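Residue numbers (my numbering), protein chains in the order written: chain A, 1 to 226; chain B, 1001 to 1226; chain C, 2001 to 2295.
To be clear, the hints were calculated from the coordinates, so they are not data collected in a lab. Note that this is a predicted model, so its numbers are computed, not measured. Check the hints yourself; a few may be wrong.
To be verified - Mimicking SDA-like on lysine to any residue, the simulated pairs with C-alpha atoms at most 25 angstroms apart in a straight line are:
1. K2147(C) <-> D32(A)
2. K2114(C) <-> R2068(C)
3. K1173(B) <-> R2161(C)
4. K1161(B) <-> K2114(C)
5. K1173(B) <-> V1117(B)
6. K2147(C) <-> R2161(C)
7. K1161(B) <-> R2161(C)
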Amino acid sequence: MESTHLKNVIEAALLAAGRPLDVEQLRELFEDYERPPASEVRVALATLAGEYEGRGMQLVEVASGWRIQVRADYSVPVSRLWQERPTRYSRALLETLALIAYRQPVTRAEIEDVRGVAVNPNIVRTMSERGWIRVVGHREVPGRPELLGTTREFLDYFGLKSLDQLPTLAELKDMDNIGVQLEFGETAEVSAVAATAVAEAESVEPAGTETPRLPEAANDPDVSPA
Amino acid sequence: MESTHLKNVIEAALLAAGRPLDVEQLRELFEDYERPPASEVRVALATLAGEYEGRGMQLVEVASGWRIQVRADYSVPVSRLWQERPTRYSRALLETLALIAYRQPVTRAEIEDVRGVAVNPNIVRTMSERGWIRVVGHREVPGRPELLGTTREFLDYFGLKSLDQLPTLAELKDMDNIGVQLEFGETAEVSAVAATAVAEAESVEPAGTETPRLPEAANDPDVSPA
Amino acid sequence: MERNHDIDVPGPVASGPAPLQDEMPFAVVEGEPLTELPRDLYIPPQALEVFLEAFEGPLDLLLYLIRRQNLDVLDIPIAEITRQYMQYILLMNELNLELAGEYLLMAAMLAEIKSRMLLPRPQSDEGEEEDPRAELVRRLQEYERYKRAAEDVDGLARLERDVFQVSAEVVERKVATILPEVPLQEMLLAFRDVVQRAAMFAHHHVQREALSVRQRMSEVLSALETGGLVDFISLFSPEEGRMGATVTFVSLLELMREGLIEVVQAEAYAPLHVRLSPRPANDPISAEESTDTVS
């Protein structure tokens, strides 16, 4: 396929769709006989992303595919297009969402344990309606409570490709070891700058073992079945 | 105002707005102190329009202002974004198609004799539009009814080289589960490496992957009528 | 990490020179911290309600009290914190604010920890003393990390606030439909079923031998559809070999038998020609058309 044609079709489709499209969806824009291989589509996407440098928009990859969006540099003037202020979410909602995102799959009771207050049903409903969370199963204990998890739309909305990209969750400190840790930390800090760099590089893992990945969310569009 | 900045803000706003914006609305994206004169906005619009030449989108002026839209050249592939999921063909269609394949050239009346119900004209039209059947002649009886037959596209679609490759009715009758039988036929014959190679080479037909291969016996021209 | 142990630095929120373990003033009037609600002063309950609604629960309130004084979560002065916490609870009670049960539960828990702190600590199996505050500290830390995670999530560039999805108009939208797929097997099953239903098994039309002949019949009819004479020989393809020729021949015989075609010869030994059968004269439509085709 002629590369300009492919690039233009992809550009046109991403603009027309108004939602992210993955490589497979982009390939399906073509008839069987002219359908480009996924590798060509990826090259075209990379070319497009490069061409958008220094322009008003940018091409980014999020959980459910590629999306053209307003370049962050221009979001202030662009936001003047709308009268309403963007929705602000309450701390209660954000805390509940954070718990679901970092500890999924998680029950309401587990969220209540951490937050020390009952989960507000309206908050859960709001997040479900926005498509950010959903029931991913039931815990097999009496009452079979629902297990909540985040969705692909959640990742898309917050501009993430996968849960790995969530900000790092703070570490817990042990009371008994705190003194040791502090001393150790202070001497070690000076010794190895490299160690810090490594730690930072590794800190993309949000919560280590506590955060099971949702199969959908972790799903790399590149490896989706052809 | 720096012209690239102005151009990028306009581009970002037109893409984000989802509706046409006029020069005045574009000027209002800027704070008072930096608001560009209308003439500068127009120059920026003209520059943008020029930059979109040969791309997937275009900038056009409509009644209520300027709009970025998908270039008409790409509306066919882009329209596939909204294409309807296919519904399955009815049992009646499949039966009619099968009867035409096995008993061609055949009139509607003859199909009706076997099926016991009138042939739905929509079914015949659907199959004609798909290029699977066509009128091959007329039976010279009063009314000159059309004689229907299958086409080369029909054979191509089902991955057949000729109608001989269809199992006979006797074979069909013996099969409680055609799928199993056909698979048996295939594995039995895939003794030779060459046979596999041929099968793979032939599987380029659209339906090839899903179409079970037929027993080799049906392929053998020597078994054909003398 | 630093904020946990440099307790001497006053917190950013702390107003006035409140010494470390002093009770929390709920207001500062002319530089004097007020720790008790003046009896004669009316505070609209809504004001306190707003203040309390700023807390996401007892853990949040406790954390606020601790952080406000730059105390180490790992070494909470439990007696003091309990006292401050209780002041808020009493204040809320006094104002007849509806108090969530969780706040009272926490008050009870704090009181219990406080009393256990006064008693000799029980030895665990390993012979270590267990700090009665351990569970509370764990919960406070656990809550705090998600409280911060919530702030981090809120800080992400998100759609509708920081990020705008773009779209362009599609002026000429064409609705394309994907055609349904038909597996061959499905068609074969359909055929078997319809024939079984019609009990037509013995019929000669559906024998295997007929199939290639039937296909060829369709092809021959198509070749003749222009209506003129077609050279008999041209209907045969030498590359098909003897089998092909046989099939074509049988199909021609079958078509003649069905009255669909006729074979004509101008004179003896002249080349054979094939054409579609002339329409029956008694058919009005064909009679009309036949003038065009018969030449």
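Evaluated hints:
The straight-line distance between the Cα atoms of K2147(C) and D32(A) is roughly 51 angstroms, outside the 25 angstroms bound, and the hint therefore fails. Our distance criterion of 25 angstroms between C-alpha atoms is met by K2114(C) and R2068(C), whose separation comes to about 21 angstroms. With a C-alpha separation of about 66 angstroms, the suggested pair K1173(B) and R2161(C) falls outside the 25 angstroms cut-off, and the hint is violated. A threshold of 25 angstroms between alpha carbons decides the hint, and for K1161(B) with K2114(C) the separation of about 89 angstroms lies outside it, so the pair is violated.
For the proposed pair K1173(B) and V1117(B), the alpha carbon gap of about 23 angstroms is at most 25 angstroms, so the pair holds. Between K2147(C) and R2161(C), the direct Cα distance comes to roughly 21 angstroms. Compliance with the 25 angstroms bound is thereby established for this hinted pair. Proposed proximity of K1161(B) and R2161(C) is contradicted: the alpha carbons are some 60 angstroms apart, above 25 angstroms.
Hints 1, 3, 4 and 7, counting from the list given before, are not met by this structure.
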